[in-house]
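*Asks:* Chain residues, written in single-letter form:
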Amino acid sequence: MKIFFHFGRYFMLMKRSFGKPEKLSIFRNRIFEEITILGVNSLGIVAIISVFMGAVITIQSAFNFENPLVPTYAIGVAVRDSMILEFSPAIVSLILAGKVGSSIASEIGTMRVTEQIDALEIMGVNSAGYLIQPKIIASVLFNPILIIFSMFLGIFGGYIFGVIAGVVSDNQFIEGITHDFRPYNVVYALIKSAVFAFLIASVPAYHGYYTNGGALEVGRSSTKGVVYTSVLILAFDLILTQLLLA
Amino acid sequence: MIIGESGSGKTTLLKCMVGLNEVDSGEVLFDNRNFYKLNFKEKKEIRKEIGMLFQGGALFDSKTAEENVVFPLSMFTDLSESEKRDRANFCLQRVNLENANNLFPSELSGGMKKRVAIARAIAVQPKYLFCDEPNSGLDPKTSIVIDNLIKEITEEYNITTIVITHDMNSVIEIGDNIMFIYKGEKWWEGSKEEILKTDNKEVCDFVYATKFMKDLKSKF
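Chains as they are written, first to last, in this note's numbering: chain S, 1 to 246; chain W, 1 to 220.
These are computed hints drawn from the structure, not numbers from a lab. Wrong hints could be hidden among the right ones.
Below, computed lysine-lysine pairings styled on DSS-like, alpha-carbon distance capped at 30 Å [stated by the list, open to error]:
#, chain 1, residue 1, chain 2, residue 2
1, W, Lys-211, W, Lys-192
2, W, Lys-15, S, Lys-23
3, S, Lys-15, W, Lys-192
4, S, Lys-224, W, Lys-48
5, W, Lys-211, S, Lys-15
6, S, Lys-20, W, Lys-192
7, S, Lys-20, W, Lys-84
8, W, Lys-192, S, Lys-23
9, W, Lys-63, S, Lys-15
10, S, Lys-23, W, Lys-48
11, W, Lys-43, S, Lys-15
12, S, Lys-20, W, Lys-43
Please take these sequences and the hints and turn them into a complete structure.
*Replies:* Below, the structure is given as C-alpha cells:
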C-alpha cells in the first residue's frame, strides 16, 4: 500500500511544482542555471560514453556479421539503429539518472535537512516551484539535445574506430548509415528522451524534497532517487516502445 | 520568549506558529487573522510579514552573504538592482558585517551565519521575527552579541519577536514575556522578574539547573 502513498505524494508535489512562478525574470534565470548544471556539464561524459559505445558496437557487429551473405554495410546500419533507437535515448538517460539524479536528490535533500527549504517557505516562496520546476524544464529541454549529440558522436565513433580497425571501409559505413534510414526513429528517440528527462529530474527531486533526518538520510534519498529513476526509465522504455513502434 | 527543556515541544510550537507544521487544533492569530483559516494567497501575504532566524541559519549554500540578503528583495519587491544591493549592504552593516558580502556560508563562522540570517530576515522589514535557538552552538561572547542584536532590532523596527531558547542568560538579557513549555504544554507564563521568584517546581528545576543560576538565586 505504501506505493500508493508515494504515487499520491509525488503527483501532489508535481502539482505544487508547476504552480505559477513568483517572478518570471528569476524563473528564467533559474532555468538557464539548471541547463548549465544539469545539461551543459553532462556534455563531456555523454561524449566519451557515446564515442566508445559506437566504437564497441561497430567492432561487435563486425565480429557477428562474419557470414558472407550479410553485407559489410550492415555494420553501419547496426551502429546507426543501435545508437538512435536504444543506446542514445535509454542508456545515456540511465547514465544521466546516476549523474544528474544523484546531484538533484542530494542538493534538495541537503536543503531540506539544513532548513533552507523551510526558509523559502517562511518567506512565502513556493519551494517546490522554485527548486523543482526549473530542473524539470531544463532537463526536458536539454536532454533531447544531449541525445542528438550522443547519436552523432556514437555513429562518428563507430565510423572512426571501424575504419581504423579495418573492419569496415568508410564508403561501406556511410552506405550503411544512410541505408533505409527512417526519420521516425529519431522522433521516437526524442519522445523517449523527453519522457526520461522528466523522470530524471522529478523522481530524485521527490526523494530529496521529502528527506527526513541528516546526512545519512540525504545519501539514502540520493540512492533511492537513482534506483527508482533507473527502474522507471526501463519500464517507460518498454511502454513507449510498445506504443510508438509496435 | 519560549523556554523549556530539549524535546518539550518549543520548536514544534514555533513551526506551528509560522505555518511549517499543520495544527490539529487551536488557532494561530496574526493581528486577529487566523493563519490556518486563510487561503493560500492570504497565507502568502502573512508570510511576507514574517522573518525567521533558524537554528543553523538556513542560509542558501549556493549564494553569497549579500545574495542571501538580496534574495527576499528580488522575490517580493520591484526594487532596482542597485537599490537591492544598497538595502542588503545596509542590513549587513546593521548586523556589523561590513566585509562579508562576497563570502559563501561555508566561509562564515557560526556567529556570522546567524548575523547574515538576521540581516536576511530584516531585509523585507517584517512585522514579526521568530528566532529558533539563536544562541545554539555559539560561544558566550558571541551569544551576547546575537542577543543584543535581536533586542536592538526588535526595538528599532518596532517588531514582535518570539525567541525560543533554553539559554537562561538570554532570558535574563532580552526576555520581556516568558513562557515555559513542559511536556508539550504551556506550564508557566510571566516576566523575567517573576521567573526568578516563582516557586513552580518544574520551572525552578529548569531555571536553576546551572550553578551560575543557583548562585544568582542565593543573592536574591
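*Asks:* Determine for every hint whether it applies to the structure shown.
*Replies:* Evaluated hints:
no., hint, result
1, W:Lys-211 - W:Lys-192, "holds (19 Å)"
2, W:Lys-15 - S:Lys-23, "holds (26 Å)"
3, S:Lys-15 - W:Lys-192, "violated (48 Å)"
4, S:Lys-224 - W:Lys-48, "violated (35 Å)"
5, W:Lys-211 - S:Lys-15, "violated (54 Å)"
6, S:Lys-20 - W:Lys-192, "violated (47 Å)"
7, S:Lys-20 - W:Lys-84, "holds (24 Å)"
8, W:Lys-192 - S:Lys-23, "violated (45 Å)"
9, W:Lys-63 - S:Lys-15, "holds (27 Å)"
10, S:Lys-23 - W:Lys-48, "holds (15 Å)"
11, W:Lys-43 - S:Lys-15, "holds (19 Å)"
12, S:Lys-20 - W:Lys-43, "holds (16 Å)"
Consistency note: the structure conflicts with the earlier hints numbered 3, 4, 5, 6, 8.
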